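Listed in order, the protein sequences are those of chains A and B. Here the UniProt record's numbering is used: position 89 in the first sequence is 89, and no number is missing along the way. Here the UniProt record's numbering is used: position 139 in the second sequence is 139, and no number is missing along the way.
It is possible that some hints are incorrect.
Since the list gives no way to pick out one identical chain from another, each pair is judged satisfied if it fits inside one copy or across any two copies.
[As the list claims (entries may be wrong)] Computed list of lysine to aspartate or glutamate pairs in EDC-like fashion (alpha-carbon distance at most 16 Å, straight line):
| no. | residue 1 | residue 2 |
| --- | --- | --- |
| 1 | K191 | D35 |
| 2 | K191 | E58 |
| 3 | K150 | D65 |
| 4 | K176 | D22 |
In case anyone wonders, no lab produced these hints; they're calculated from the structure. The model shown is predicted, which means the values in this text are computed figures rather than measured ones.
Number of protein chains: 2
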Amino acid sequence: MLDQAALDTLFINARTHNGWLDQPVTPTQLQQLYDLVKWGPTSANCEPARILFIQSAEAKARLVDCMAATNADKVKAAPVTAIIGMDMAFPDTLPHLFPHADARSWFAGNQPLIEATAFRNSSLQGGYFILAARALGLDCGPMSGFDADKLEVAFFAGTTVKVNFVCSIGHGDVAKLFPRSPRLGFDEACKVL
Amino acid sequence: MLDQAALDTLFINARTHNGWLDQPVTPTQLQQLYDLVKWGPTSANCEPARILFIQSAEAKARLVDCMAATNADKVKAAPVTAIIGMDMAFPDTLPHLFPHADARSWFAGNQPLIEATAFRNSSLQGGYFILAARALGLDCGPMSGFDADKLEVAFFAGTTVKVNFVCSIGHGDVAKLFPRSPRLGFDEACKVL
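Starting from the given sequences, assemble the full structure and let the hints guide the process.
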């Protein structure tokens, strides 16, 4: 079991950040981050998430242009914003990733299953991404307010990748935090049967 | 930053379990688990996940009956299996959970947005659930092979909750692990722009 400080870092004291300190995220940290995320479980080990780390001024300007008005400034201020995409052609990776069964055939011709699997599992991987970033001492600012069609034209044209959500990472500015919103209690969200 | 032992517990050494030791999961652990999961970020703090912890013989028999053949035995052997659902009526909770804006109105009459938001965010919460369980010293066995229609009739009839996936929790039997499958490398899954 993790100690209290680790639980605080991952869950209890961690906050979604909208403002960012002028501190970089290093290429080593991006590699370390993915090298944690990749171990998280996915259905038939399908790993559909594809991640673009947006860092350069040119790429950032393209992304800002796709964001909802309230999110554009947040992206501008962040050192890195990750676009969490999902590869709808993930079944083609299964002979490599899940070699002990013909998992590709489970998806052949079943577009609704492909879409649900890509969405569910790239979202799970998004959850791993957020917690892995926090585990490495980074803060996160996940966002789903953007123009998905425009973003896909800007970043995924000619590919089989669709966007799921975006998430800034960096060192959050605690001075810019809002008060924390309430959470559903155990009895509101859970039942033991 | 978390220490190496914590990163190992959460990501690097953690495995998906199919076999389970005869060791219980306590009611206190279920409460602790949710009390970590609830802090994970969701869009507009919408927290759509609804969790049924299936523990009694009666409820387990109902769940086993909904699982794909290969997953039925896994559920039978596990001390607890969580059904991770998503409440499609989550917009009605937003006046309480996101009090500083009229977030309910963003969803009014927009069923595709409701469905995508519920699916994405309950999946994110599913990712938090898996890592929170591991953080508490438990093992996980997530599964999406089941008859969703049948499961919803058996557990969510007359409610606004749909099933997302199920996840056994307990103390995994390492003797029943398969060899670990490969993962996509950084250069296969990520790009820095």
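Hints, verified against the model:
1. K191 - D35: So K191 and D35 pass the 16 Å test across copies only (14 Å; inside, 35 Å).
2. K191 - E58: between (49 Å within a copy, 15 Å between copies)
3. K150 - D65: Within one copy only: 9 Å inside, 44 Å across.
4. K176 - D22: For K176 and D22, only the intra-copy Cα distance (14 Å) is at most 16 Å; the inter-copy one is 48 Å.
Figure legend: structure checked against the earlier numbered hints; every hint is met.
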